[in-house]
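2 protein chains.
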Amino acid sequence: MAKLTSRAEDYSKWYNELVVKADLAENSGVRGCMVIKPYGYAIWEKMRDEMDRKFKETGHENAYFPIFIPKSLFEAEEKNAEGFAKECAVVTHYRLKTDPEDPKKLIVDPEAKLEEELIVRPTSEAIIWNTYKNWIQSYRDLPILINQWANVVRWEMRTRLFLRTAEFLWQEGHTAHATKDEAIEETEKMLHVYADFAENFMAIPVIKGLKTESERFAGADETYCIEALMQDGKALQAGTSHFLGQNFGKAFDVKFTNREGKIEHAWGTSWGTSTRLMGALIMTHSDDLGLVLPPSLAPIQVVIVPIFKGEEQLQQIDEVAYEIQSKLKAKGISVKYDNRTENKPGWKFAEYELKGVPVRIAIGARDLENKTVEIARRDNLTKETKPLENLDVYIENLLKTIQEDIYRKAATYRDEHITKVDSYEEFKQVLEKKGGFISAHWDGTAEEEEQIKNETKATIRCIPLDNQMEEGISMISGKPSNQRVIFAKSY
Amino acid sequence: MAKLTSRAEDYSKWYNELVVKADLAENSGVRGCMVIKPYGYAIWEKMRDEMDRKFKETGHENAYFPIFIPKSLFEAEEKNAEGFAKECAVVTHYRLKTDPEDPKKLIVDPEAKLEEELIVRPTSEAIIWNTYKNWIQSYRDLPILINQWANVVRWEMRTRLFLRTAEFLWQEGHTAHATKDEAIEETEKMLHVYADFAENFMAIPVIKGLKTESERFAGADETYCIEALMQDGKALQAGTSHFLGQNFGKAFDVKFTNREGKIEHAWGTSWGTSTRLMGALIMTHSDDLGLVLPPSLAPIQVVIVPIFKGEEQLQQIDEVAYEIQSKLKAKGISVKYDNRTENKPGWKFAEYELKGVPVRIAIGARDLENKTVEIARRDNLTKETKPLENLDVYIENLLKTIQEDIYRKAATYRDEHITKVDSYEEFKQVLEKKGGFISAHWDGTAEEEEQIKNETKATIRCIPLDNQMEEGISMISGKPSNQRVIFAKSY
Chain A
1 MAKLTSRAED YSKWYNELVV KADLAENSGV RGCMVIKPYG YAIWEKMRDE MDRKFKETGH
61 ENAYFPIFIP KSLFEAEEKN AEGFAKECAV VTHYRLKTDP EDPKKLIVDP EAKLEEELIV
121 RPTSEAIIWN TYKNWIQSYR DLPILINQWA NVVRWEMRTR LFLRTAEFLW QEGHTAHATK
181 DEAIEETEKM LHVYADFAEN FMAIPVIKGL KTESERFAGA DETYCIEALM QDGKALQAGT
241 SHFLGQNFGK AFDVKFTNRE GKIEHAWGTS WGTSTRLMGA LIMTHSDDLG LVLPPSLAPI
301 QVVIVPIFKG EEQLQQIDEV AYEIQSKLKA KGISVKYDNR TENKPGWKFA EYELKGVPVR
361 IAIGARDLEN KTVEIARRDN LTKETKPLEN LDVYIENLLK TIQEDIYRKA ATYRDEHITK
421 VDSYEEFKQV LEKKGGFISA HWDGTAEEEE QIKNETKATI RCIPLDNQME EGISMISGKP
481 SNQRVIFAKS Y
Chain B
1 MAKLTSRAED YSKWYNELVV KADLAENSGV RGCMVIKPYG YAIWEKMRDE MDRKFKETGH
61 ENAYFPIFIP KSLFEAEEKN AEGFAKECAV VTHYRLKTDP EDPKKLIVDP EAKLEEELIV
121 RPTSEAIIWN TYKNWIQSYR DLPILINQWA NVVRWEMRTR LFLRTAEFLW QEGHTAHATK
181 DEAIEETEKM LHVYADFAEN FMAIPVIKGL KTESERFAGA DETYCIEALM QDGKALQAGT
241 SHFLGQNFGK AFDVKFTNRE GKIEHAWGTS WGTSTRLMGA LIMTHSDDLG LVLPPSLAPI
301 QVVIVPIFKG EEQLQQIDEV AYEIQSKLKA KGISVKYDNR TENKPGWKFA EYELKGVPVR
361 IAIGARDLEN KTVEIARRDN LTKETKPLEN LDVYIENLLK TIQEDIYRKA ATYRDEHITK
421 VDSYEEFKQV LEKKGGFISA HWDGTAEEEE QIKNETKATI RCIPLDNQME EGISMISGKP
481 SNQRVIFAKS Y
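Chains A and B are the protein sequences, given in the same order.
For the record, in the first sequence the residue sitting at position 280 is 280 according to UniProt numbering, with numbers rising by one throughout.
For the record, in the second sequence the residue sitting at position 96 is 96 according to UniProt numbering, with numbers rising by one throughout.
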């Protein structure tokens, strides 16, 4: 197995190689679309199941809406349409026919042209609000709290596995409410659900904040986000929650009779996370040997590798290993015992390091004698010898420790990479030499934001929700500012 | 709540009304595409989770492949291409732009025409085998046992909710093997998994069989199926499992070195079930009052309804009801306590009958005195009074009994509707007056099959796997036949 390019050498290349070599995903025969391989999909399933649990716990139900949006519905909410029109796949025909010039080929049948073009959903507000229109008459029909797990298509020109693909998998929550306050409460609630999920399940520390107007979702009055920091000092938006105001309520004429008997437009929210989170996971924790997975997301949490000479010794190790395996399984821990004889232990060690298996148990001849095993942690690469006795309890606790340590390590890195700067000179220096989040004053105008973006490629990632108010002056215009915002280069 | 049209009056209308009134699904703003509503989706989720468990138990992994298939890949396997070309959605452009004649409208940007058209997958053999090509070099890379949960699009002209929709949700298994025998074994194994799922989880009895050549999946060497019988005497194909031979291996040049060191094309299977199963579920069990759900699939298994006069009595009932609820929940039973005061008990009874909740518990003033409850079964509409003591154990057993009884009822109906006939006259009479499965001899030719289809609309649903050999003569041509096959009109 050829070694991975190191992060120091070429971070971007390291990422691309790792995604493919660890069997997470690969490019497909369709421009910009990926194949998510079984190992990668198993990780995504764990994310999905945990998020789904949290959504249901907070009162949401799943449903499914069509993948196609007729053009007339797509264009109904103008800002939303404008935001997505430039990158959408359009279905224009519904049939192929045999090519009269070559019977082995098919061509689009010009007689099967659709009367109205269909857009492959880049996001589903339009088709969903068009449906909600028929579901909502009275305040008694509200709130509607629905989530959808689906594929969406955005015709991105420059794509990268998981981070930016023409098709990706995601969940999109779409809720309708009787009051503005309730809709804002929902928007914020889901942001906290995302943050909790990122930090406690994916072990990724995030900053919760508000987007500036220029970075808002097309069609939203306010976009909340969680921002994570990758190991190369670039930020990654890991989830967004939008307060839609009455924009879609008005565009799709979704009206209801309120408690006072007056007709009003419904208030909306939408919120989403996607397979992009796979990219965040990889770039937050992994190292030059391969993936590092928090135990909560590892399809295999523990791998057992025998180190043996000859069939007889292997049989003795088998016996010990199967017992460990069954005890760990009884505790709900996923364990693989790899006693294949085609590959040497060293090869297996490298393979499971690449795949990010959190704990490796090796059993050799001396271990058999001493009733011990060797335990190696993937996250910090430490090894120790432990007795067989109560090994299951030890491993169970170790997995919890690893989960916490992985989070702590990422949080430490992140905290060390939030730099307060007070001048544009310093801003540019920090951005270039250190990267990470830069906390600085901003004058609140789109102009200054735009200038900084053009000159440095850094954007305002968010205005943190827990910001302390602080008087200052903005870096370029010198205008007064009462709080710092978070800048960074980003994925 | 207006009553449902009865089955006797108009079976088709009854079905359409029930799907909408029970909140399972509705038509959307996109021709032929449905919205699966939360209650319907919750039932589908239960099907999906159980099937997914069975697939994993039999060694399969999930993965995800692109929704688009470039035309050149789509046409590679000729029969498959021919079979789906007439009903596929085609993406031809990747951008919209503002209409120069009306800035509020969008039009397809002619400059954003794709070099090669993309087909929205009607089934994924093409894109998947094009991917497998790179995964398979040696027999050691085989078998590949992958399943995908996805949406697919088939441009059907006449659509009906769940039964036939332009877009539907499904799972598609795609496996590759080193030998023909192994591929056939896999094809049959998955058929048995489907049959087991249909009978033991959905309470739908099925006949396992082989399709005739004319009914085979486009691109398969053999199609296995499970056939269910609806209450109107029409058959419904509930799942198919295809032995693909080396057809896709050859079309996509998927070659490997076998154990003997020779180069060979891989052998394939594919198998699928879809949201069509929702239609089968509804039409197998439900009645004129609404849905009848087997407990295994019911989002709400037990509903508790208080029958009270005044706030004080309601509070007393609340106390009892919450205790029942918590005891049932502890047993993993899903329970809803509906103590809303806006609706009368009679309204609630009708509502939960419509929704197919298997068990209703009513608690009134006399029940409080006697420490009893009234239990009503949705499936057979019987009621009985039972003591509060050990009610949880009683309900737990009752749910098992209901699951079995629902299956038995459907099996009895099905068995009573398998009619052996020996002449074409009798065939036509039975088909018209009784419907159901007709077991008859057939001469094995596509011509006779076609004639019967044209004259009676009945098709050969399958050649049952457990068929007893029996000498006979075919109904029309009078040629010798050594087994009966199953005919029916079908969905």
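Some clues are possibly wrong.
Any copy will do: because identical chains look the same in the list, a pair fits if it lies in one copy or spans two.
To be verified - Below, a list of computed lysine-lysine pairs in the DSS-like style, where the Cα atoms sit at most 30 Å apart:
id	residue 1	residue 2
1	K189	K13
2	K3	K479
3	K113	K46
4	K420	K234
5	K355	K133
6	K46	K309
7	K327	K133
8	K409	K133
9	K329	K400
10	K329	K56
11	K79	K383
12	K262	K428
13	K133	K97
14	K420	K327
15	K255	K104
16	K79	K355
17	K348	K234
18	K105	K434
19	K86	K113
20	K355	K113
21	K180	K453
22	K104	K86
23	K189	K489
24	K428	K489
25	K309	K113
26	K86	K250
27	K434	K21
28	K331	K54
29	K189	K428
30	K331	K234
Because the hints were derived from the structure by calculation, they are not lab data.
Hint-by-hint comparison with the structure:
no. : hint        : in the structure
1   : K189 / K13  : neither (37 Å within a copy, 43 Å between copies)
2   : K3 / K479   : neither (51 Å within a copy, 69 Å between copies)
3   : K113 / K46  : neither (42 Å within a copy, 38 Å between copies)
4   : K420 / K234 : within (16 Å within a copy, 73 Å between copies)
5   : K355 / K133 : between (47 Å within a copy, 23 Å between copies)
6   : K46 / K309  : neither (38 Å within a copy, 48 Å between copies)
7   : K327 / K133 : neither (54 Å within a copy, 40 Å between copies)
8   : K409 / K133 : neither (48 Å within a copy, 41 Å between copies)
9   : K329 / K400 : both (16 Å within a copy, 29 Å between copies)
10  : K329 / K56  : both (27 Å within a copy, 16 Å between copies)
11  : K79 / K383  : neither (56 Å within a copy, 57 Å between copies)
12  : K262 / K428 : neither (54 Å within a copy, 62 Å between copies)
13  : K133 / K97  : between (38 Å within a copy, 27 Å between copies)
14  : K420 / K327 : neither (50 Å within a copy, 56 Å between copies)
15  : K255 / K104 : between (54 Å within a copy, 23 Å between copies)
16  : K79 / K355  : neither (43 Å within a copy, 40 Å between copies)
17  : K348 / K234 : neither (33 Å within a copy, 56 Å between copies)
18  : K105 / K434 : neither (55 Å within a copy, 46 Å between copies)
19  : K86 / K113  : both (22 Å within a copy, 13 Å between copies)
20  : K355 / K113 : neither (47 Å within a copy, 40 Å between copies)
21  : K180 / K453 : neither (33 Å within a copy, 60 Å between copies)
22  : K104 / K86  : between (34 Å within a copy, 15 Å between copies)
23  : K189 / K489 : within (27 Å within a copy, 52 Å between copies)
24  : K428 / K489 : within (11 Å within a copy, 74 Å between copies)
25  : K309 / K113 : neither (69 Å within a copy, 63 Å between copies)
26  : K86 / K250  : within (24 Å within a copy, 39 Å between copies)
27  : K434 / K21  : within (29 Å within a copy, 61 Å between copies)
28  : K331 / K54  : both (23 Å within a copy, 22 Å between copies)
29  : K189 / K428 : neither (35 Å within a copy, 63 Å between copies)
30  : K331 / K234 : neither (38 Å within a copy, 49 Å between copies)
Hint violations for this structure: numbers 1, 2, 3, 6, 7, 8, 11, 12, 14, 16, 17, 18, 20, 21, 25, 29 and 30, all remaining hints satisfied.
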